[in-house]
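Spelled out from the first residue to the last, the chains are:
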Amino acid sequence: MRTVAVLPAYNEADTVGRVVERTREHVDEVVVVDDGSSDATAEIARSHDATVVEHVFNTGVGGAVRTGYQYAIRHDYDFVLQIDADGQHDPDQIPRLLDRAEGHDMVIGSRYLNESIQDYSIVRKAGIRFFTRVVRTLGGVDITDVTSGFRVYRVEALAEILHRSDKHWAVEQTLEAAKRGQRITEVSVEIPTRETGQSQFTLDTFVLYPLRMTDVIIRILLFR
Amino acid sequence: MVEYTVVNLVAFLVGGVFLANGYYLLRRGREAMALFVTSLVVGGGLIFVALFPNVFQVVASLLGLELKARAILVISNLTLFVLVTYLLNRIGRLYDRVSRLNEQVSLLRADREERGDD
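Taken in sequence, the protein lines are chains S and Y. Its first residue numbered 8, the first sequence is counted upward by one per residue in this note's numbering. Its first residue numbered 6, the second sequence is counted upward by one per residue in this note's numbering.
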């Protein structure tokens with residue numbers, strides 16, 4: 008079983024090195040997709056022997072993970088692990104996700120199966136709950152944390168559900184996988200709120216979040 | 006008797022700009038015919054109503070409106086709506102293409118680095 012880890016990274020110079028080091032213990036290759044960082048993220052990742060794929064400009068986390076998926080597909084990996092470069096996800100949990108991936112197409116590390124979700128803001132929790140409910144209802148799949156970025160995919164199945172949105176990829180991708188009857192499961196993983204670096208949840212994200220997600224849901228319902 | 010005002014002159018000039026823009030885009034060969042046709046229709050329409058302002062009285066009658074000013078408003082709003090929808094659609098498609106190019110360029114560069122290492 009060949010596994011590649013994909014780390015979407017945007018200005019994560021402070022944390023990416025350590026995450027690469029700890030992740031490599033569990034996978035065959037670590038690929039950092041540098042999404043147009045203006046700091047030394049790419050150089051630091053290279054110095055820790057990660058393969059670095061550098062975006063020409065910043066597209067958003069969805070675009071970065073999609074590039075990572077393409078890398079996994081092109082290099083004939085069996086599984087792709089997605090993990091954040093900011094240190095929020097504990098690499099020691101990777102074996103638990105990979106173990107569950109045998110027999111599944113998608114494994115999501117869920118914050119809702121443990122107490123770590125309690126540390127998140129009310130707005131964030133409401134957003135996660137709402138969109139998880141949307142995916143549960145529309146996709147008929149029993150999941151608790153659709154927005155989690157700590158995941159494992161079977162590459163063969165992933166090729167069928169490459170999402171289009173650069174900003175909010177998780178809902179579109181998970182919903183499509185559910186509609187295609189892919190085997191989706193969850194593993195309880197504690198994911199604390201991030202303390203360093205620049206969060207993807209900016210004011211702009213919060214303001215436009217409902218509009219973008221509505222757009223994604225309508226697009227999937229109508230065209231996919 | 007048709008009365009021409011500054012509004013007619015402005016409409017005529019803006020229509021001319023639309024036509025010139027359409028011609029410019031076509032000459033450069035960067036956009037599809039659809040954009041040229043849109044510029045042609047909007048520009049030609051503006052010049053037409055600048056030269057024949059009373060035509061809106063006919064439109065107002067057709068739409069069941071009392072005043073031609075209301076007909077102008079209705080037609081303007083509909084035209085704007087169509088244009089904005091079209092442009093938003095094109096922006097979305099262009100963004101998607103640029104994003105895909107970004108993805109492909111980054112992967113090709115990584116491939117090149119990998120081969121260079123070998």
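No lab work stands behind these hints: they were computed from the structure. Heads up, a few of these hints could be off.
Stated by the list, open to error - Beta-carbon label-pair distances, calculated as ranges:
1. S:R140 with Y:Y28: 38 to 46 Å
2. Y:V60 with S:R136: 55 to 63 Å
3. Y:N26 with S:A166: 36 to 44 Å
4. Y:Q62 with S:T144: 39 to 47 Å
5. S:R136 with Y:Y28: 51 to 59 Å
6. S:V63 with Y:G97: 37 to 45 Å
7. Y:G69 with S:R136: 32 to 40 Å
8. Y:V15 with S:A166: 26 to 34 Å
9. S:V63 with Y:L92: 32 to 40 Å
10. S:I225 with Y:V89: 14 to 22 Å
11. S:G110 with Y:N94: 58 to 66 Å
These numbers come from a predicted model, not from an experiment. Where is the CB? At the ideal position from N, CA and C, for every residue including glycine.
Checklist line | Cβ distance range 51 to 59 Å for S:R136 and Y:Y28, holds or violated | finding: Distance hint for S:R136, Y:Y28 holds at roughly 54 Å.
Next item on the list: Look at the Cβ atoms of S:R140 and Y:Y28 and judge whether their distance stays inside 38 to 46 Å.
Entry: At 53 Å between Cβs, range violated.
Notebook entry, point to check: Taking the CB of Y:V60 and the CB of S:R136, does the distance hold inside 55 to 63 Å?
Noted result: For Y:V60 and S:R136 the Cβ distance comes to about 57 Å; the hint holds.
Next item on the list: For Y:V15 and S:A166, compare the CB-CB distance with the range 26 to 34 Å and indicate the outcome.
Entry: 55 Å, violated
Next item on the list: Return holds or violated for the Cβ distance of Y:Q62 and S:T144 against the range 39 to 47 Å.
Entry: For S:T144 against Y:Q62, whose Cβ atoms are near 54 Å apart, the range 39 to 47 Å is violated.
Check: When you take the CB atoms of S:V63 and Y:L92, is the distance between them in 32 to 40 Å?
Finding: Check failed, 25 Å falls outside 32 to 40 Å.
Notebook entry, point to check: Can the suggested window of 37 to 45 Å be confirmed for the beta-carbon pair S:V63 and Y:G97?
Noted result: 20 Å, violated
Check: When you take the CB atoms of Y:G69 and S:R136, is the distance between them in 32 to 40 Å?
Finding: Roughly 50 Å apart at Cβ, these two residues miss the hinted range, so it is violated.
Notebook entry, point to check: Is it true that S:I225 and Y:V89 lie within 14 to 22 Å of each other by Cβ?
Noted result: 18 Å, holds
Notebook entry, point to check: Between Y:N26 and S:A166, does the C-beta distance stay in 36 to 44 Å?
Noted result: 43 Å, holds
Check: Between S:G110 and Y:N94, is the Cβ distance one that fits in 58 to 66 Å?
Finding: Because 42 Å falls outside the window, the suggested range is violated.
Checked against the numbered hints above, the structure breaks hints 1, 4, 6, 7, 8, 9 and 11 and satisfies the rest.
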